[in-house]
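*Asks:* Listed below are the residues making up each chain.
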Amino acid sequence: MTKSIGLTIAAVLCFGIQSEGRQMENTPTPASGNESPQTVVTLKKIGLKEAPTVDRVKLVGTRDSVVLLYSIRGAELHGSTVAIYATTPAEPERSASVMKIRTLLPARIAWDARIKDGDSYELVYEVAGGALNSLRFASATGEALDITTHYPFESFFHPHFIRSNSQNITPAVAATVDKKKIVLFKQVGTAQEPTYRDLSVGDDGIVGGENEPWVVVKHGQSGQALFDVLPGRLGLVSSRSPKSGAAAQEIVFPDRVAYEFDAAPLADDVLVFATGKPSVLLLGSRRAHPIQLSARERSWLGRLSSPSLYVDGTLVHIAGLLNPGAATAAVLYGSCPVADLVKR
Amino acid sequence: MEIGEAVAVPEASTGPTESSIHAGLLLKSVTFSSNHVVERDTKGNFSPPEWSRGRSRQWPVCYTRHTTVKLKAHFIVVTSPTATENVTVKGRSEFEDGPTLEWTGSVSVSPGDTEVATEVLSSNDVLPNHVARFERFSIQWEAQAPGEPSESAGTSRNVLYLTLKDPSGTPPYWTLLDISCRGAHGAMDEAHLVKNAFYPFTTRTLRRKRDSQRLTYWNPETTTATNTMELLAQGDGSGQCGSWSELLIDAYKAHGVTSAVKVLVVRSIPEWQASRAGFLVKNWRFVGAGSMPPPLTHIMYTECTKEPGIPGQSNPNPPPAFYNHFIVSCLGDFYDPSYGGGPVTDQLTWENGAIDGIFSGGRAGYPKSSNAAIELLKFYRI
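From first to last, the protein sequence lines stand for chains R and L. With our numbering as the guide, the letters of the first sequence map in order to residues 1 to 344. With our numbering as the guide, the letters of the second sequence map in order to residues 1 to 382.
None of these hints come from the bench; they were simulated from the model. Do not take every clue at face value.
Quick look at which bits of chain R chain L covers, simulated, 3 or more residues with Cβ under 8 Å [what the hints assert, rightly or not]:
hint, segment
1, 104 to 118
2, 130 to 142
3, 300 to 309
4, 313 to 323
Just so you know, even glycine gets a beta-carbon here, dropped at the ideal spot from N, CA and C.
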């Protein structure tokens, strides 16, 4: 099950952000004149020149900085590649290669990353086979493990590491099976063949928490796709551990049509960054009260893809891809103090 | 008023005495009931009324074959009567080589009324007893005031789809109905429906009904669509084999036929799971005997070279190699909707028509040209 795939794991970026203050947007500066008074985060373009070719972004935190990972698909003479690079929101002109995934098929693949031991990357990604996708885990040492061998007749999508405040636990990977249910693989990267546990029905989901996982789940619905993603309704499922004896409960985010989303624990709450028209931040404790974002052009907020959230001790960082695939594509980034959201 | 629509001008408008004025009606809208509401290819159901005067496009209507058509007609009162009166209204629709359906009812029209509506009316006969797509399902409407001759009140026209049985397991997406009813027009049983509804797939020129977007197989090749809903929702109309297989299966389900299943095609389960071996989709040329030991005798791209491929749906040259692939099995036959191939009755025939050999790593082998009698792959119904 274990094999080397010749990963190119780059040394972690050592050029930290010069000043956290450069990223903070404590005092939003409304540009369009119709900003919501609730706005606490302003998204700004960062000068990533490869942006028109980027198909996915992801924020992670190393020991001393926030890192923006981004992927670019490429074609080789015989096959395709997905190259993942790392940069920082503060200095996007500098980047380093993290990993190059060779693929048989040119389909866009979903991937996720996390930091291990403060400065090494672990990744999980889809392997497109044509009809069915499997999942592969790339360890910090460059080994690749097929996660889904126990399930040869199911197709796996949207893999992601469980959103947790701890970086050093054995990685747990959540994913969507056949775009119908959300499952969790625990103890990924160990000698055991991974098996999954059902968490929730849904087309897509982000799983977080530790002992008692929660799931932010999307139930797809009819409607025009946004960047090839169908609309859906979001819910928050508290998936109690079997020992607790309590049944899983889902509470919906009312009147919220979302496309893509990310989620992260925020103190005792769950923070969600959902793309839509417009994209918003949502708190699990205040589902009916979205937190408006702002940007220099309001229309940007309705044209976002690949949302990513990262919460460190003091700041909430968010990033997304504006107009992916177009010449006008750009990476947007913003941050705000955790306290600004917790107190709401 | 529709272009070309014949509507008699009530005599009342030419100036009879006030005491003799009777109501004149003009069809405003028709709302069907007991029908299968058509879904606008992931953009939501077509909301009634299905026919509305002045609307640039009218909605498609779907019923199960051999059933009664129920509807409600709304009329504009173009001539107000001098006294309340019951006006008989009648709709009539003729099917070529089939039944003539009639709907009869009455409306009470009073002075000052601007609009009136019938109760829900049922047709006097049932629809044709076969799967069908009628491009112009017309109902000619007449209104007859007491003691007066019938006058034309307008014509409604819709596309009408007739399914074999009630849809089951899928929303009746417009594109599914159009593909299957067009292909299987005339079918009266499951066997004919299954074979004939596949015919449009063989043209490889399918389009999404709501916007005429071409539906494609891996074109553009970044596609992530793996089911019917995603294929119908994609801006570019592109999907993987899973979406095409489900499109065919759902086309059958739109007719209540639920016996079709996906078939997973692999070299072997362990080999696809480890991305270790897959199959070469036609056309590849094995040059000479190859320089490597058997069974993978040829070096990829030098001793086994890619030729122009067999076309897929709106894609002349789809990806040439896969670890796995979905096709469809139904009533004993295999269909490959991604390429418009089939039906074939057995695995070997499918293999010989679809693949040229096996690859693993940088090597290829088992050329079909010399292995035509051997099943190189595994089929799993899932």
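*Asks:* Each of the hints needs a verdict: does it hold here or not?
*Replies:* Evaluated hints:
1. 104 to 118: holds (count 5)
2. 130 to 142: holds (count 4)
3. 300 to 309: With 0 residues close enough to chain L, the hint is violated.
4. 313 to 323: Our answer is that it is violated, as 0 residues pass the Cβ test (under 8 Å) against chain L, missing three.
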